Amino acid sequence: MFLKGYRGTRKNNLPEVVKPDYYPLTIFLERKSIHKRSKIIISDVDKTYLNTDFESLKGLLWIPFEVAVDKVTIEKMNLIYQALRYGTGSSPALTPLFFITASPPFIYSPLTSKMIRDGVEYDGIVMKDQDILLKKMEFKQLKSQVTYKLFALFSLINLIKSRDNNIILLGDDTESDLSIYLLFKKIVEENPPVFKAADLLLGAGVDVKYLDALLKLIREFNGDVRIKYIFIYLSKGEFVTSQTLPVVQYRNSEQLAIFFHQKRLISDYYLAKIVQRGSEKYNLAVEWLKDYGYL
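For the sequence shown, our numbering assigns the number 713 to the last residue and increments by one with no breaks.
If you are wondering where the hints come from, they were derived from the structure by calculation, not from laboratory data.
A hint or two may mislead.
Under the rule of at most 25 Å between Cα atoms (straight-line distance), these lysine-lysine pairs were calculated in the BS3-like manner [to be verified]: (1) 579 to 450; (2) 454 to 646; (3) 654 to 494; (4) 457 to 691.
Computed from a prediction, not measured in an experiment: that's the story for all the values here.
Using the sequences provided together with the hints, build the complete structure.
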């Protein structure tokens, strides 16, 4: 069980801090060595893990001043991350877990404090250097996440030297996560010619100013990865697009937990912590997943 002697991998030493020169972002890296043929979880933070108000100006201005206790976890998502991290064996799998957020690096401390309070272990966090973008008067990049998140994803898999891995992506319906993840999947799995990749990136809204740097980063990737699943939290309650796998759109953590359990990604122990079999919530979630062809 998770609580019986499981101490995880948190260390007292500071993480490695990587600040690439091709885009204003900061990577706080706790773990670089990833086993071949292992699963890797990469998750968004805002509106996927935490119910952050970044859609209003007031919300954006308040984020840097929040402390851990101010941040509200989307119901039972901390248990979802714990379950994925632990795996299904008798001992912890320590499944690699990384986060990407558009929040600035100076809230790294309150964010990680919140994660500690939630019992969520992480191997790295990518954050957007909004102050640099503001100084450069790149107001479009402050609001748009397409260019940033693609840089974040490719920077991360290059840094951890991802090889023969299955990647599970978690996001939501507020920041174009689905279209970004699908484009990421297409590029890493199909390895299109550079001119085709350029067309795809520009068509997705990548800033032409950063196109060459992003293409260079893509060319540097020489791993073999597959996007196993893309999970999109429907914070607005409406489907983003068609409901075909590997995309799974969900409305609550119960649906997510049942799907993971059915696919043997989380244990009986954690399923029971999130939703009780035979309960009304469980039955409704199973019915919903079956109705949309996920189970």
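Violated hints, by number in ascending order, as checked against the structure: Hint check: nothing fails, all pass.
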